[in-house]
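Trainee: What follows is the residue order along each chain.
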Amino acid sequence: MRGNSWMTVAAILTITISLFLCTFFWLIIANLNANANKVEEDVRVMAYLDFDLTQRDYRNIETQIKFISGVKNVEFVSKDQGLESLEGRFNDSNLLATLGGKNPLPDSFSITAAGADDVKPIYDAVKKIDGIYEATYGAGTVERLFALTDTLRQAGLAVMILLCVAAVVLIALSIRLTILARKKEIMVMKWCGATDAFVRWPFFLEGMMLGVLGALLALGLEMLLYSQAAAYISATVSFVQILPLSQVWGSATVFTLGAGLLLGAIGSVIPLARFLKV
Amino acid sequence: MLIQTVNLGKVYKNGIAALADINLTIDFGEFIFLTGASGAGKSTLIRLLFREELPTAGQVLIGGRSVVRLTTPEIVRLRRNSGVVFQDFRLMESCSVFDNVAFALKAVERPWNEIKMRVPAMLERVGLAGREHENVMHLSGGEQQRVAVARAIINNPLILFADEPTGDLDPKTSDELIHLFADINAEGTTLVMATHDKDIVERMQRRVITLERGRMIGDTVGGWQL
Ligand SMILES: Nc1ncnc2c1ncn2[C@@H]1O[C@H](COP(=O)(O)OP(=O)(O)OP(=O)(O)O)[C@@H](O)[C@H]1O
Ligand SMILES: [Mg+2]
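Those protein sequences? They're chains A and B, same order as listed.
Here the first sequence is numbered in the numbering used here, starting from 4 and rising by one per residue.
Here the second sequence is numbered in the numbering used here, starting from 495 and rising by one per residue.
Some clues are possibly wrong.
[To be verified] Partial list, derived from the structure: chain A residues whose beta carbon lies under 10 Å from chain B:
| no. | residue |
| --- | --- |
| 1 | L183 |
| 2 | K187 |
| 3 | E188 |
| 4 | M190 |
| 5 | M192 |
| 6 | K193 |
| 7 | W194 |
| 8 | G196 |
| 9 | D199 |
| 10 | V202 |
Note that these hints are calculated values from the structure, not bench results.
Just so you know, these numbers come straight off a predicted model, no measurement behind them.
For every residue, glycine included, the Cβ atom is placed at its ideal position computed from N, Cα and C.
Next up, chain A with everything else stripped away, as it sits in the complex:
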């Protein structure tokens, strides 16, 4: 039993680490998806104006923009409003002071497109208008975000598979020790006419116990870290939308416990197969 308990601890910790990282990746991906979706919904083009324009120029440019096909709404955003919204994004109510008391932002038009497909043509057209110094839209962000999610998802998947295999191997090794200690019992049981299922279930239970213990540890760690990280990120960069813990913990629990049970079950079936062939 002494040799066995080390193995048991090792198995549980491997499950904890594996499931912790699996859930971690899964949470990152869920958050990236949520942000990507949010940005995708954003069909705005921002047109920043040159600094030396007259009121007339402003009206002229606004009219030109309104005539671009696909434009639904044009709204003037003064440089002061721009600063305010920036202050909101960075949670810094004294940005102006930080910037040396001078607002460096240009005035701008916030253009809302009728649909996501209109954004790029509007952007192209707006850039050509005289007096427009710079235009931006969210599409690049969306694409970058999706690309990042994809890469993360693939890397995450590879790591997850590796870690899960490691967890299964450790569970299997741990259960194998229990099996070896009870080898004679298993054989006599089978000679007495026990079915494979009957012989299997205690080991199955043991494997799933290991899995669940590891999963609970991983889940505890995960929740603790997540709420900390979420609070920190929300406080620093507020335009990144972090899914609230209440929204993820349900599926995270199901995911982690389910994976723990599954890994435990697989880990117990593998080493037993050989001993059932009596």
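Using the hints provided, position chain B with the ligands relative to the given structure of chain A.
Mentor: Using the frame of chain A, we list chain B with the ligands on its own:
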């Protein structure tokens, strides 16, 4: 016909030819002694008959079907209908007498209240009444042997294989065990018993199969052959 062997042979993995050309038929209700010198192959034959080992030549047929071809559920059914007393007992060292006997009932998923009733009754039959809670390793060799017998017969097997079940018993206890075997045989259990005990074989006057260096040299009803 319950069991039949056809040109049955066994060569162990280390190359030792333990049995060759065994042809025998065992009928329902028989009481068979398996005799022969040490190393003659008695235990090997028993292992082949209850499918602990598989033949390397010929066949063991149970109900006309080769044991090699049995499906998993059929093997389970076969084992639920046979009992084995191993030459080395194979008891659970750290368990009580009760648990060792109850083991056979638990393995076939009998309910607990039935186990509670049947185990003490069985222990009484093998002369171990009241010894339920002793650790099986604190028992004498002969007592352990009777625990092994109790475990083998508690499921009322159709056929009982006993490998030298009287090996560690004094004449009186050994007599009692043989009476018990005669009783369960009269109740319908077929019995195959490997033994070195000339007295018992002479006294019982049953069918005697004699092995010598892995071959069958005698199959008669009556006394000791060697
Ligand atoms: N598992 C095994 N692996 C290899 N050889 C074995 C094995 N079991 C038995 N043998 C060999 O097979 C031969 C027959 O052995 P077996 O145990 O069947 O004899 P036995 O008649 O039961 O003897 P005993 O009266 O001493 O119990 C012996 O030579 C033995 O060494
Ligand atoms: Mg033997």
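Trainee: All hints are to be evaluated individually against the structure, with a verdict given for each.
Mentor: Tested hints:
no. : hint : result
1   : L183 : violated, 15 Å
2   : K187 : holds, 6 Å
3   : E188 : holds, 6 Å
4   : M190 : holds, 8 Å
5   : M192 : holds, 5 Å
6   : K193 : holds, 7 Å
7   : W194 : holds, 6 Å
8   : G196 : holds, 3 Å
9   : D199 : holds, 7 Å
10  : V202 : holds, 8 Å
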